[in-house]
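Top to bottom, those sequences are chains A and B. Start counting the first sequence at 1; every next residue gets the next number (our numbering). Start counting the second sequence at 1001; every next residue gets the next number (our numbering).
I should point out that these hints are in silico values taken from the structure, not numbers from a laboratory. Since this is a predicted model, take the numbers as computed values, not measurements. Don't take each hint at face value.
[Claimed, not checked] Reference excerpt, derived from the structure (chain B facing chain A, CB under 10 Å, subset only):
id, residue
1, L1016
2, V1018
3, P1040
4, A1042
5, L1054
6, F1080
7, G1159
Note that the Cβ used here is the ideal one computed from N, Cα and C, for glycine as well.
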Amino acid sequence: MRFFFFTASAGRATLRGFLGGLGVLAVQLLLAAAAQAAELRIGLSADVTTMDPHFIAAQPNLTAQHHVFEPLLHVDERGRPIPVLATWRTPDPLTWEFTLRKGVRFHDGTELSTEDVAFSLERPLTMTGSPGGFATYVKPIVAKEIVDRYTIRLKTATPHGAMPQDLAEVMIVSKKAAQGAASPDFDSGSAAIGTGPYRLTRFARGSRIELARNDQYWGGKTPWDRVMLTILPSDPVRTAALLSGNIDAIENVPTADLARLSKNPAFRLEQAVSWRTIFLHVDQARDHPPGLRSKSGQPLANNPLKDVRVRHALSQAINRTAIAERVMEGLAMPAGNIVSPSVIGHNPAVKPDAYDAEGAKKLLAEAGYPDGFTVTIGTPNNRYINDEQVAQTVAQMWSRIGVTTRVEALPLSVYFGKARNREFPVALLGWGSLAADMSLRSLAATPNPDKGYGAWNWGGHSSAKLDTLVERSLGTVDPAMRETAAREAAALAATEVAVIPLHYQIVTWAMKSQLSYAARVDEFTFAWQFKPRNP
Amino acid sequence: MISFALRRLLQSVLVLFVMSALVFAGVYAIGDPVAILINPQADQAEIAAATRALGLDQPLWLQYWNFIIGAFAGDLGKSFSANVPAVHLILQRMPATLELALTATVIAVAFGIPLGLVAGLKPVSWIGRTIMAGSILGFSLPTFWVGLMLIMVFSVWLGWLPPTGRGETVEVFGVPVSFLTRDGLLHLLMPALNLALFKFSLLIRLTRAGTREALSQDYVRFARAKGLSMERVVRIHVLKNIMIPIVTVTALEFGSLIAFAIVTETIFAWPGMGKLLIDSINVLDRPVIVAYLLIILLLFVFLNLVVDLAYAVLDPRVRISGHGT
């Protein structure tokens, strides 16, 4: 009897063990399936040249690097500063005190400390052979004072309101891993030790970047175990990759494919107004800029574009709604400001100039040019959405008020050099910025190499009043006060027609219908902001 | 033979010089790399510093001189945008392009020569006509269009093949190759087919023309009259005689396959040298552009040499001498 019992219980135990094992197996299988499903494959539209986050400040590179590294602070979807690795305060206008999150660990397990921060803010200045690095962002810092393991104070020579925007660009690397490391060490992964939500598993240049989830991530687990960023610069191919199901999501959806994708229930689109403002630089500094003539082809006595009434007339002659709806096929929002709506310093009171051809003609006559003149618009033809077509449309609209306009469209590689040399009286440019005062500093402030103002002021706009406002806004560390000052500067720039804003681009992501994405004003594509959703 | 090869090499060194000077001047004329690569927020001082850092503030002749000095020391410069030696970047991408070009060549030869032979032996039959019509299509359809159609049909509609990328690779003697894994092979198929198409058509026409010409020659008629089977005549007499132009074209076309794989690589996001060149031209990454063109030039020189040497092997009448040309 006892014996029997024993066997029975043993038998039960075995059975239970078996069932239990089966259960475990099932769970494992499920997990395996989930793990397999939790891979996200994203098609990027531009090549990532290096994983070294301090070599070249190019958006495609930053897109990949943000997965591995993090800045002290970054911006949310609307472009407003948010804490990432640290919170900050300004005890006085010359001091920025950053307090690190406790217990943040690098991928190698070491804890993030202010030593790493100080090292990371120093490294951009030590890079050699960089055609466009991050020195800009850390140069205003004149001293770094490590208070303790979690607190660091950054000193500036003059009040520097743009510190949050600057530091949002600078990745924090591990001092231990990156000291003495060169760019190839980041590419190979040995120095690519960050605190970000993903670890770099493979950087296959020109092809793809493979990432694995950082399970120790301070911000909690992200939905994807593995992420593959595939480089697909060719537009039709990027769409085809999505359609074929080999890629889960793509950025920069080609205009031509938007209608088709939006009709297909298997896919979803997410859109946001981009930070990129498309505008025209107008030469208002020189008396005889090239490409500006009278109707009969003679040189003009002086430069009509210097007259603010003429610039107003040119702005009013543009039907921005028509451009946004027709030429841009809805991928644009008419602009009156230098920065897009959610960005610091966007002045909601400044509206896009309403289309008024008659009023424009009157203004031209008032300014002494009733018969108009001849002008050339320079534009890239492979940089912004439908850039050449936009310039052609503006040319037609200007011709209607008597300003005969020629368009010279060039590939970006040729265009930028020529435009910098100021070979066009009117030049199209797109500019993305996190604050109006920073935008105006580069684009509209009087060119002044000593202060670093007006580096991209191709039109040579110069107004002492605007310079003062921009300088004041940039020198305000209190965010609310800075916003007010920046708005004031933005309004003045619009009144002076420092540049002629055309539109803000609208940026689109396309993805499988089971996914959602928090579309970002800064156009960044971040894997962890894709979320699974129930269709 | 050796002096022949040496003379060839000396000639090519001269060509390399001319080429590098032309490319240097060309890129200089296009524009300023700093204007494209610079951080938009950079101020004037940093723009000047970046220009200095890349040596672009010096006069062109001095930049070229520095390049030549570096080149003799085996240093073709660092990529402006990737911060690694340009040659390193190119060599990293070379296996992908070579694999693509080789596979395309194999496809073209394996299908082009037999089909051309059939078309040449039966020029008026329906099969001969179909082959010729096919080759006309292969000639006239633009590569990028065919590539996109292949993606549409095989990836988007049928879902059989992955549309882009190189897939899984395994290392053979330290060189990553994709034809040894199933995944890699699937990725390789469409781009290789796309790249092979033109050459395949070319080989069909070449083989057909050669075959038809050979068939009307006396030696073939005598062979037939002697009572040899058609199969033996074709295999021994016809094929051997038409091989010289075919080998020449195949070898020279191999160079152009590598050099002009750009379109195919761009369409299929194949991470080869051609795609690197396009990316580099877009940002005026001069060291990479110059290094790429020099390497391609060397390749052509080498292939020409190989062709000349192969002649001698295939056709005993050709004797390569150190004298004369």
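Evaluation of the provided hints:
For L1016/B, the interface hint is violated, the least distance from its beta-carbon to any beta-carbon of chain A being 25 Å, above 10 Å. The criterion of a C-beta within 10 Å of any C-beta in chain A is not met by V1018/B, whose closest approach is roughly 24 Å, and the hint is violated. At about 7 Å, the closest approach between the beta carbon of P1040/B and any beta carbon in chain A falls short of 10 Å, and the interface hint on this residue holds. The interface hint given for A1042/B is met, as the beta carbon of that residue sits about 5 Å from the closest beta carbon of chain A, less than 10 Å.
Contact between L1054/B and chain A, as hinted, is supported at the beta carbon level, the nearest pair being about 6 Å apart and thus within 10 Å. Given the 10 Å rule on beta carbons, the hint for F1080/B holds: about 5 Å separates it from the nearest Cβ of chain A. Evaluation of the G1159/B hint against chain A yields a held restraint, the C-beta minimum of about 6 Å falling below 10 Å.
When each numbered hint is compared with the structure, violations occur for hints 1, 2.
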